Amino acid sequence: MPTDPLDDFILAAARALDLPLEPAWQPAVKANLAVTLKHAALVAEFELPDEAEPAPVFRA
Amino acid sequence: MVEAALERIARLNPTLNAFTAVTAERARAKAGAIDNRPDKARLPLAGVPFAVKNLFDIEGLATVAGSKINRTRPKAPRDATLIERLEAAGAVLIGALNMGEYAYDFTGENVHDGPSRNPHDLTRMSGGSSGGSGSAVGGGLTPLALGSDTNGSIRVPSSFCGIFGLKPTYGRLTRAGSFPFVASLDHLGPFARSVRDLALSYDVMQGPDADDPACDQRDVEPTVPVLDDGLEGLRIAVAGGYFKKGAFAEALEALARVAKAANATDEIEIPEAARGRAAAYVITATEGAALHVGRLRKQAHDFDPAVRDRLIAGAMVPATLVAKAQIFRRWYREQFLTLFARYDAILAPATPCAAPMIGQQTFTLDGVELPVRPNVGIYTQPISFIGLPVVAVPVPLKPLPIGVQIIAPPWREDIVLRIAHALEQMGVVAAPKPEL
Chain A
1 MPTDPLDDFI
11 LAAARALDLP
21 LEPAWQPAVK
31 ANLAVTLKHA
41 ALVAEFELPD
51 EAEPAPVFRA
Chain B
1 MVEAALERIA
11 RLNPTLNAFT
21 AVTAERARAK
31 AGAIDNRPDK
41 ARLPLAGVPF
51 AVKNLFDIEG
61 LATVAGSKIN
71 RTRPKAPRDA
81 TLIERLEAAG
91 AVLIGALNMG
101 EYAYDFTGEN
111 VHDGPSRNPH
121 DLTRMSGGSS
131 GGSGSAVGGG
141 LTPLALGSDT
151 NGSIRVPSSF
161 CGIFGLKPTY
171 GRLTRAGSFP
181 FVASLDHLGP
191 FARSVRDLAL
201 SYDVMQGPDA
211 DDPACDQRDV
221 EPTVPVLDDG
231 LEGLRIAVAG
241 GYFKKGAFAE
251 ALEALARVAK
261 AANATDEIEI
271 PEAARGRAAA
281 YVITATEGAA
291 LHVGRLRKQA
301 HDFDPAVRDR
311 LIAGAMVPAT
321 LVAKAQIFRR
331 WYREQFLTLF
341 ARYDAILAPA
351 TPCAAPMIGQ
361 QTFTLDGVEL
371 PVRPNVGIYT
381 QPISFIGLPV
391 VAVPVPLKPL
401 PIGVQIIAPP
411 WREDIVLRIA
421 HALEQMGVVA
431 APKPEL
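Protein chains in written order, with the numbering used here: chain A, 1 to 60; chain B, 1 to 436.
Just so you know, these hints were derived from the structure itself, not from any lab.
Only a predicted model underlies this, so the values are computations on that prediction, with no experimental measurement involved.
Some hints could be false.
Stated by the list, open to error - Some residues of chain A that are not near chain B, with every Cβ distance over 12 Å (derived):
no., residue
1, Pro-2
2, Thr-3
3, Asp-4
Said to hold, decoys possible - Cut-off 20 Å, straight-line C-alpha distance, at most; resulting in silico cross-link-like pairs (DMTMM-like, lysine to aspartate or glutamate):
no., chain 1, residue 1, chain 2, residue 2
4, A, Lys-38, B, Glu-369
5, B, Lys-260, B, Asp-229
6, A, Lys-30, B, Glu-369
7, A, Lys-38, B, Asp-366
8, B, Lys-433, B, Glu-272
9, A, Lys-38, B, Glu-272
10, B, Lys-298, A, Asp-18
11, A, Lys-38, B, Asp-229
12, A, Lys-30, B, Glu-287
13, B, Lys-298, A, Glu-22
14, B, Lys-260, B, Asp-197
Stated by the list, open to error - Computed Cβ-Cβ distance ranges for the label pairs, DEER-style:
no., chain 1, residue 1, chain 2, residue 2, range
15, A, Lys-38, B, Lys-260, 32 to 38 Å
16, B, Gly-367, A, Glu-51, 57 to 63 Å
17, A, Pro-2, B, Gly-294, 15 to 21 Å
18, A, Ala-28, B, Lys-40, 52 to 58 Å
19, A, Ala-41, B, Val-226, 41 to 47 Å
20, B, Asp-39, A, Asp-18, 53 to 59 Å
21, A, Asp-8, B, His-112, 33 to 39 Å
22, B, Gly-427, A, Glu-51, 48 to 54 Å
23, B, Lys-260, A, Asp-18, 55 to 61 Å
24, A, Lys-38, B, Pro-44, 43 to 49 Å
Quick reminder that beta carbons are idealized off the backbone N, C-alpha and C, glycines included.
Model the full structure from these sequences, guided by the hints.
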């Protein structure tokens, strides 16, 4: 049976990035990540020109 | 005034749970010193008690920021700059206030300290994350408080607790000596029971500060002198579309009352507000995670579990999506600012509903059942995302008050305070007295 890619990603990210993750926490972490990625997709799908500058501007 | 506030705190704080520390000894000493000053009459806030969200540094106390983890931090060696500025104007610090853990909250609940309670209905939320600030000012324990607002944490408690709150322009008030959450979105500001108190405190807190790199170099621009200028000549619009979708009846009623009094007949659409809110959500999740990832690795069990799970998720969001959100932020700002060529101010609901029950997990917005905790700020997030100044004004509906946002272009706090004051003079907005 195929696994949910988001579950796979969370387990791999926790190991690769040294993030704490107990099995009991995983459903809530997944729910939160899913909501954040949904919001992020809404932003990312909005097309802007390559020249569009990010909001923060570093000044030396 | 200080003794009266301390007496009221002693009597009511066991019920409201607004204060986490009361600095009575310091307050009495400071009040006595002010009483003996020959120039007392010239101090704009002589003897006025105030309290601060417990993410502000208070000399001699650990800055807990609503957490268990920070309780072992060294005691702060000095007060936050805004405390120093208020006290230089004669105000007297009386304590530290409850808040949601690390400010990642819209409810005013705290697993370590218990919830701060809504003074108008003790079974209901104070709002977060500056819940203690809302509860303390709403309950009359102090006439003035400070809080922080990253996505709505001043405006939400103002709305739920029926008080005035000012979230100034991003970069206007120094954040030096406060515990951060999301550096690119964090603001500090005051709560009060009248617009004049809000403006008085705001005016004395302005000014550059090298200790906060985001603090602007602008000189002080006093707002008290223009408070009585009225609504004449101001073009005020109502935000429609996104800002009405999902609003409960009480939010729409409050907005309609304020719009009518302000003669705001035009309804406008703020371009891509939903995406603005979404981008703020992404930046918050990831910058918040970046701040706390070290503590997550070492002390994950010491966090509020709800905060911990959000932060862990935030640490897993790809950086490409965060960069996109920051690019969108600039575009969104430009679109929003074009509206201010036609209007001096825009009105919008502060919260989709009046205060939910403490512990309530979900509510229904626009026919969809959603978790309360992250969604109370749907109308505040698209505004603070680009740092606009806002006063949340309380509309004293029964049985519970609810707030409306008055939004102006960057650096025009004078406009929002002037409008709020005019509405207050008309009796349309007011901080209702709770029965406690």
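A quick look at each hint next to the structure:
The Cβ of A/Pro-2 lies farther than 12 Å from every Cβ of chain B, with a closest approach of about 21 Å, so its non-interface assignment holds. For A/Thr-3, the requirement that its beta carbon stay farther than 12 Å from each beta carbon of chain B is met, with the minimum near 17 Å. The claim that A/Asp-4 lies off the interface holds: its Cβ sits roughly 14 Å from the closest Cβ of chain B, which is beyond the 12 Å cut-off. For the hint pairing A/Lys-38 with B/Glu-369, the CA-to-CA distance comes to about 17 Å; that is within 20 Å, so the pair holds.
Of the supplied pair hints, the one linking B/Lys-260 and B/Asp-229 holds, its CA atoms being roughly 19 Å apart against a limit of 20 Å. The suggested pairing of A/Lys-30 with B/Glu-369 holds, with an alpha-carbon distance near 18 Å, which does not exceed 20 Å. For the proposed pair A/Lys-38 and B/Asp-366, the alpha carbon gap of about 18 Å is at most 20 Å, so the pair holds. A hinted pair counts as satisfied when its Cα atoms are at most 20 Å apart, and B/Lys-433 with B/Glu-272 does not qualify at roughly 38 Å.
At roughly 16 Å between alpha-carbon atoms, A/Lys-38 and B/Glu-272 fall within 20 Å of each other, so this suggested pair holds. Restraint check: the Cα-Cα separation between B/Lys-298 and A/Asp-18 comes to about 11 Å, which is no more than 20 Å; the hinted pair holds. For a cut-off of 20 Å, the pair hint linking A/Lys-38 to B/Asp-229 is broken: about 45 Å separates their Cα positions. Distance restraint check for A/Lys-30 and B/Glu-287: the Cα-Cα separation of roughly 18 Å lies within the 20 Å cut-off, and the hinted pair is therefore satisfied.
Between B/Lys-298 and A/Glu-22, the direct Cα distance comes to roughly 14 Å. Compliance with the 20 Å bound is thereby established for this hinted pair. The straight-line distance between the Cα atoms of B/Lys-260 and B/Asp-197 is roughly 25 Å, outside the 20 Å bound, and the hint therefore fails. Restraint check, A/Lys-38 to B/Lys-260: a C-beta distance of roughly 37 Å satisfies the suggested window 32 to 38 Å. Roughly 40 Å separates the CB atoms of B/Gly-367 and A/Glu-51, a value that falls outside the hinted 57 to 63 Å.
For the pair A/Pro-2 and B/Gly-294, the supplied restraint of 15 to 21 Å is violated, since their beta-carbon distance comes to about 35 Å. As the Cβ distance of A/Ala-28 to B/Lys-40 is approximately 54 Å, the hint placing it in 52 to 58 Å holds. Look at A/Ala-41 against B/Val-226: about 44 Å separates their beta carbons, and that is inside 41 to 47 Å. The hinted range of 53 to 59 Å is satisfied by B/Asp-39 and A/Asp-18, whose Cβ atoms lie roughly 58 Å apart.
A/Asp-8 and B/His-112 have their C-beta atoms about 34 Å apart, which keeps the hinted 33 to 39 Å range intact. About 51 Å separates the C-beta atoms of B/Gly-427 and A/Glu-51, a value consistent with the hinted range of 48 to 54 Å. Taking the beta carbon of each, B/Lys-260 and A/Asp-18 are about 57 Å apart, inside 55 to 61 Å as hinted. Distance hint check: the CB atoms of A/Lys-38 and B/Pro-44 are about 48 Å apart, consistent with the given range 43 to 49 Å.
Violated hints, listed in ascending order, are 8, 11, 14, 16 and 17; each of the other numbered hints is respected by the structure.
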